[in-house]
Amino acid sequence: MNWMWFHKLGSPKWFYEISRLWLPWLAVSAVLLLVTGLVWGLAFAPPDYQQGNSFRIIYLHVPAAFLAQSIYIMLAIAGTVGLVWKMKLADVALQQAAPIGAWMTVIALVTGAIWGKPTWGTYWVWDARLTSMLILLFLYFGVIALGNAITNRDSAAKACAVLAIVGVVNIPIIQYSVEWWNTLHQPATFSIVAKPAMPFEMWMPLLISVLGFYCFFGAVLLMRMRLEVLRREVRSSWAKAEIKAQVEKGL
Amino acid sequence: MNPVRKKRLYAVMALVSGAGIAVALALSALQQNINLFYSPTQIAAGDAPEEVRIRAGGLVAVGSVTRSDKSLDTDFVVTDGVANVTIRYNGILPDLFREGQGIVAMGKLNDQGVLIADEVLAKHDENYMPPEVMQALEQSGMKQQHDAANAAKQGY
Chain A
1 MNWMWFHKLG SPKWFYEISR LWLPWLAVSA VLLLVTGLVW GLAFAPPDYQ
51 QGNSFRIIYL HVPAAFLAQS IYIMLAIAGT VGLVWKMKLA DVALQQAAPI
101 GAWMTVIALV TGAIWGKPTW GTYWVWDARL TSMLILLFLY FGVIALGNAI
151 TNRDSAAKAC AVLAIVGVVN IPIIQYSVEW WNTLHQPATF SIVAKPAMPF
201 EMWMPLLISV LGFYCFFGAV LLMRMRLEVL RREVRSSWAK AEIKAQVEKG
251 L
Chain B
1 MNPVRKKRLY AVMALVSGAG IAVALALSAL QQNINLFYSP TQIAAGDAPE
51 EVRIRAGGLV AVGSVTRSDK SLDTDFVVTD GVANVTIRYN GILPDLFREG
101 QGIVAMGKLN DQGVLIADEV LAKHDENYMP PEVMQALEQS GMKQQHDAAN
151 AAKQGY
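The listed protein sequences correspond, in order, to chains A and B. One point on numbering: in the numbering used here, the residue at position 42 of the first sequence is 42, and numbering is uninterrupted. One point on numbering: in the numbering used here, the residue at position 113 of the second sequence is 113, and numbering is uninterrupted.
Rather than coming from a laboratory, the hints here were simulated on the basis of the structure. Some hints here could point you the wrong way.
Computed cross-link-like contacts, DSSO-like style, restricted to lysine-lysine with a CA-CA straight-line distance of at most 30 Å [as the list claims (entries may be wrong)]:
1. B/K108 <-> A/K8
2. A/K158 <-> A/K13
3. A/K158 <-> A/K86
4. A/K117 <-> B/K6
5. A/K117 <-> A/K8
6. A/K86 <-> B/K7
7. B/K108 <-> A/K88
8. B/K108 <-> A/K158
9. B/K6 <-> A/K13
10. B/K7 <-> A/K88
11. A/K117 <-> B/K70
12. B/K108 <-> A/K86
13. A/K8 <-> A/K158
14. A/K158 <-> B/K7
15. A/K249 <-> A/K8
16. A/K13 <-> A/K240
17. A/K249 <-> A/K86
18. A/K8 <-> B/K6
19. B/K7 <-> A/K13
As the structure is a prediction and not an experimental result, all values here were calculated from the model.
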């Protein structure tokens, strides 16, 4: 197998140039998919027979919850790459993805609470799914705080990587909490592997908005990483030239 | 892979499995306490303590809901297909409360085994469908099968 691409990722300059090509594609697909999925889901999909229109919050809740977990897995992978291969870019990815993941967790928790009040009769209940999701939010806060608290960049990278890797144990707990224990939260409606528990005209907009959220995450992450790479490489000649070009374009 | 990286990779794998084993042991020790509610079978078997606030969950038995004329008192039976628990509740029930619906009630068991609830939450299942589909299911008599399949899936 050719591992060239993997080793190339070690070079911030190469990443900066290749991500310039990916970014527009990701941004355009994110906008198209999000607009299609959300407009279809929020305005045109049929209401649910029991919940009426309040079920439509699923088009925000489920994609945000998916991303909250996927981003944490990404943090753990980036942490492993950073610890084992000492790749600088892995730490950039970890630090820049963590706040996005924290926001996605907040969206999932808040939309869930808003939906819970009319459906369950309560905003919050300490069941295994909700509690493990709250722990995920605190793990994100931990990674962000640790990254900011340690001034030495290498030590901060190591500490964040270890926390991200240990915290990944929480992900299967979130995933299977609804099957292992009695919870108020229902099992998954939408899954990649199983037959969906909703008809096509409800399921398709959900799939589109999930994909849209992923593209949105990809685009935002690349933008944040490019900025951080420039900031960290500010002493190198290519970064100086790039910043100069950007400033002149801005004027 | 060079030996130094291999060693570091093994260290990371040891870290993950160590943390995983520790959490798995802790969770299996806490198994009962993490459950949000007791099922009617557990209550009938005497697993649930009396005079302590507990939660009971199950499906509202069809035809069991009796409302008082003078107050908000509602009595209903919650079942998991094996055992039944009678629940008495004084208050406004959630919109989704109906016969056949999964609910979770919080309150104390009295000495007759009746749960005096001060909170009733509706448990929603993972199935979503448009109203027309539900009507079609009801007309064709498939609804019972659908409900039974759901109840089995949710482990009541």
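Going through the hints against the structure:
| no. | hint | verdict |
| --- | --- | --- |
| 1 | B/K108 <-> A/K8 | violated, 64 Å |
| 2 | A/K158 <-> A/K13 | holds, 23 Å |
| 3 | A/K158 <-> A/K86 | holds, 10 Å |
| 4 | A/K117 <-> B/K6 | violated, 51 Å |
| 5 | A/K117 <-> A/K8 | violated, 50 Å |
| 6 | A/K86 <-> B/K7 | holds, 13 Å |
| 7 | B/K108 <-> A/K88 | violated, 57 Å |
| 8 | B/K108 <-> A/K158 | violated, 50 Å |
| 9 | B/K6 <-> A/K13 | holds, 27 Å |
| 10 | B/K7 <-> A/K88 | holds, 19 Å |
| 11 | A/K117 <-> B/K70 | holds, 27 Å |
| 12 | B/K108 <-> A/K86 | violated, 57 Å |
| 13 | A/K8 <-> A/K158 | holds, 21 Å |
| 14 | A/K158 <-> B/K7 | holds, 16 Å |
| 15 | A/K249 <-> A/K8 | holds, 29 Å |
| 16 | A/K13 <-> A/K240 | holds, 12 Å |
| 17 | A/K249 <-> A/K86 | violated, 35 Å |
| 18 | A/K8 <-> B/K6 | holds, 20 Å |
| 19 | B/K7 <-> A/K13 | holds, 29 Å |
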